[in-house]
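Undergrad: Once you've looked at the hints, dock chain B against the given chain A.
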Amino acid sequence: MIRPTGIINFAVGEWAMVGAFGGFLLLTEYEWPYPLGMAAVLAFMAFLGWATERIAVRPLVEKGAPLMAPILALLGMLVVFRESISVSFPPDPHPVPFPFGFGRLEWGPLGGSYQSFFIIGTTLFVFVGAWLFFERTVAGKSFEAVALHRRAAALMGINLSRVTALSFAAGASIAGLAGLLVSPNISAHYLMGIPLAIQGFTALVIGGVGRVEGALLGGLLLAFAEQLTVRYAPIPAGYAQGVPLLLLMVFLLVRPTGLLRARA
Amino acid sequence: MKVLALVGAALVALSAQAQDTIKIGVITDRVGVSKPYSEPSTEGLVFGANEINRKGGILGKKIELLVEDDQSRPDISAALARKLIDQGVVFILSMSLTPATQQQQTVTMEAKTPQMTPMNSGDTLTTQLPNPYFWQTGPLGSIQIATLLAHARAKNLKRVSLITDNSDLGQLIARFFRSGLEKSGIQIVSEEVVPRGATTAEPQMQKIRAANPDALFLAGVLTAENVLILRAYRQFGLKFPIHSSYNLSVPVYLTVGKGLVDGVTFVDAYDPDKPEVREFEAAYRKATGKDPFNMHGYGYDGIMLVAEAIKKAGSTDKEKIREAMQSLTYQGVMGAKGMKYSFPEGKRAGFDPNGMVVRVYEGDKQGRVVYTGQK
Chain A
1 MIRPTGIINF
11 AVGEWAMVGA
21 FGGFLLLTEY
31 EWPYPLGMAA
41 VLAFMAFLGW
51 ATERIAVRPL
61 VEKGAPLMAP
71 ILALLGMLVV
81 FRESISVSFP
91 PDPHPVPFPF
101 GFGRLEWGPL
111 GGSYQSFFII
121 GTTLFVFVGA
131 WLFFERTVAG
141 KSFEAVALHR
151 RAAALMGINL
161 SRVTALSFAA
171 GASIAGLAGL
181 LVSPNISAHY
191 LMGIPLAIQG
201 FTALVIGGVG
211 RVEGALLGGL
221 LLAFAEQLTV
231 RYAPIPAGYA
241 QGVPLLLLMV
251 FLLVRPTGLL
261 RARA
Chain B
1 MKVLALVGAA
11 LVALSAQAQD
21 TIKIGVITDR
31 VGVSKPYSEP
41 STEGLVFGAN
51 EINRKGGILG
61 KKIELLVEDD
71 QSRPDISAAL
81 ARKLIDQGVV
91 FILSMSLTPA
101 TQQQQTVTME
111 AKTPQMTPMN
121 SGDTLTTQLP
131 NPYFWQTGPL
141 GSIQIATLLA
151 HARAKNLKRV
161 SLITDNSDLG
171 QLIARFFRSG
181 LEKSGIQIVS
191 EEVVPRGATT
201 AEPQMQKIRA
211 ANPDALFLAG
221 VLTAENVLIL
231 RAYRQFGLKF
241 PIHSSYNLSV
251 PVYLTVGKGL
261 VDGVTFVDAY
271 DPDKPEVREF
281 EAAYRKATGK
291 DPFNMHGYGY
301 DGIMLVAEAI
311 KKAGSTDKEK
321 IREAMQSLTY
331 QGVMGAKGMK
341 YSFPEGKRAG
351 FDPNGMVVRV
361 YEGDKQGRVV
371 YTGQK
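Protein chains in written order, with this note's numbering: chain A, 1 to 264; chain B, 1 to 375.
This is chain A alone, in the form it adopts within the complex (with noise of 0.2 angstroms):
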């Protein structure tokens, strides 16, 4: 979403909390197949990224406001969203089930419960689908034209609103199963967005905003130092959450732009 519009939208995280609410109300509650609850909270968080960019981006964008005014109006919305789910939900966190149940599998030296394999398996399919469609599609190289120069897209014919709308509906779609992907971990609660929008933007710093393979590397050279620091660095353990953070300050020193240029 960063790209064609370079708003950075610090309500990411609480999308991911929305999503993974929806999944504990269609999917815990009323007890939906997950396949069904998955495709209609994908399509309930579409809206919501449609409606978001239409009440809290589009009037300040039509108004001339600076980029920095968008992004205020979204960390706002970040508020209204994260105490919408607090008045409607008890402060509990909520169970949300597995798509494959509670279990594990060993495969040589890799292990891990059917959830991870999930979660790796579906980013995939989502970095790939992005990937094909930024680079590949005439679509996606217009919103690539809308980063470059907004006015020049424009005058070339491009409908502006209607990209952002786009990027903002499949942002937060994707924010939504990120969200779902990690609730039967972690059980959605209220408080879940920030901690996830951190991670994720770390990601995206490491890995570089102007590639879309650079949000994925970033990703998972952050997990890897996570879990590796944890797992076999001989330091004590409250240490070991301070790694990925010192990660980061290395990089914004030595390579702010991140591992991956865009391309010129």
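Hints were generated in silico from the structure; no laboratory data involved. Watch out, some of these pointers could steer you wrong.
[What the hints assert, rightly or not] Covered, in the sense of this in silico footprint (three residues per stretch, anywhere, with C-beta under 8 angstroms from a C-beta of chain B), are these stretches of chain A:
| # | region |
| --- | --- |
| 1 | 38-45 |
| 2 | 91-97 |
| 3 | 165-178 |
| 4 | 185-191 |
| 5 | 237-250 |
Beta carbons are placed, not taken as given, at the ideal position from N, Cα and C, and that holds for glycine.
TA: Here is chain B on its own, set in the frame of chain A:
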């Protein structure tokens, strides 16, 4: 003139109504971090007040609760205490976070207004300020840990692991566990931390598995992270027992930790077999249609203690209530069978050090008491 007379009559009616009730202030948390504890506790308190009023009130007057929400924020909390005192409350019940309760004391001490927390467990609440108007009846953190460790000694453990989260309270409880275990001569073979917002505790649990302990002590207080820990434990099919802090007594684990908690022991101040508890649960169910749990008991005992003190004082004079409270002995819902709250020798923390119990999860239910006290 007619209008003025009407207003006058209304004012008289209002003040008459105000005189008819005994006002008790309640400072709770409806939106902040303490909400999961404050809410059920306050529900228990409100139920207790209704019961008292149904039976005719105290000293022939009904209780009127003035409830305020401090969001667990100490800065707001003191101002609310002031507001309640200005509105004429004779007692304040503090139902939110320990630091907020502490902050309220600065006001109640100066305004000489009795204040009590029936649920906070911070050890220093009654020792930091020489506030004769403040009491605490929640079980102190040190009692919880001593009870858990007494249970561990009885189990003859030699080598244990310790896991917690990175919250203030989780770290604090882990520190108490560590020093207590070391004093008992029990070796800690590995110590792990799961940070807030983590998405897995598997690497931590792999390390613990490698250390092969006799038992795992769970000191975390963040529900989601504790569930991650329990999930990793089941995932690896581990067999050593888990002994947990008071945190696992909160019934949220029945739903969010479904299928994960069987066999885990936890410290609690609630014995389901205690006659007072059975009576309380039946009455609560009848009045509200809902099942109460341990948190409800705290608020219920709180308002009952206050009512008892006012009854004993025989008046709503704050000084008389203070004297009555200090000399009170009361057996309530919370605590092991037969436990009484009391404040001997000027102490203002009233929970009996031997009043806590260790319970065990049986299936997905909070089950029987397996150990009592700290001897």
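Undergrad: Check the structure against each numbered hint from earlier and tell me which ones fail, lowest number first.
TA: 1, 3
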